[in-house]
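Number of protein chains: 2
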Amino acid sequence: MFTPRPIGHARTPYKQTSKIPKGLGVKHDAEGVLEILPEFEPGLLDIESLSHLYVLWFFDRSEGFDLVGQPPCDDRPHGVFATRSPRRPNPIALTVVELLSRDGNKLRVRGLDMLDGTPILDIKPYLSNVPEEKLRRGWLAEAEARKENQE
Amino acid sequence: MFTPRPIGHARTPYKQTSKIPKGLGVKHDAEGVLEILPEFEPGLLDIESLSHLYVLWFFDRSEGFDLVGQPPCDDRPHGVFATRSPRRPNPIALTVVELLSRDGNKLRVRGLDMLDGTPILDIKPYLSNVPEEKLRRGWLAEAEARKENQE
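Chains as they are written, first to last, in the numbering used here: chain A, 3 to 153; chain B, 3 to 153.
Please keep in mind that the hints were generated in silico from the structure rather than gathered at the bench. What you were told as hints is all true, and nothing was included just to trick you.
When chains are identical, the list treats them as one kind, so a pair holds in a single copy or across two.
Here are the simulated lysine to any residue pairs, SDA-like style, with alpha carbons at most 25 Å apart:
#1 29 with 138
#2 24 with 86
#3 17 with 108
#4 136 with 110
#5 108 with 71
Construct the complete structure from the given sequences, taking the supplied hints into account.
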């Protein structure tokens, strides 16, 4: 297919996986920097006009995959393609971040949930939402409801 | 890093790139099927409970990359990371689709914008929107405004 290469690295407050907030209703508001390799800096032209970005990155500290697994936010197993588990056939992650500012090849962003030093594969513009009334969160909404009933 | 592998292929109405709707305000409502390889079918457990999915796929008919280019919807150049150009350092694409139904390893979806036969890399749950009042579409909104002024 193709040979993935890093376009840069994430500078985040997280040195260990255990420090990254996980679970139901978690808010990712950690700030940090996407440091793009100097050779790719021209590719950032006009990016500062956008408020939100998709960041595709490499789960570089994950090995192998499980097709079915129990996420930290539920007591039931789900298929890997219905979860954000790092143990995937292609270890690619996706995070939506808010772009706060740009300084040359450095993008200051909010909403990071990856480890410090994580290789970045791609950045894309976030341009539109799914209509809120059409969005169903399925098993995750059910897990939340069960948890509320227990509390 | 890692060696990408297809988890399945997209069955879409598009046999040629020129037939895929492009440009400002375009709506992607093409229906088709994400046909997951039988060995990965267990990874779809509970996916039918979700209304929308992220599909990561391989721009398999694109070669090389341009850091700056002029998208079909504007008369000005922009950085590749501010656009959805297929000519990217890592030729990975991202599409949000609505899940209509599941039949075993086949997901019927709406919102496809890739060629028939395109290799799929990953599927993830679409779980939340960016708050609408915080979303800025930057250069794209400016291009739309210029176009409206011309009409």
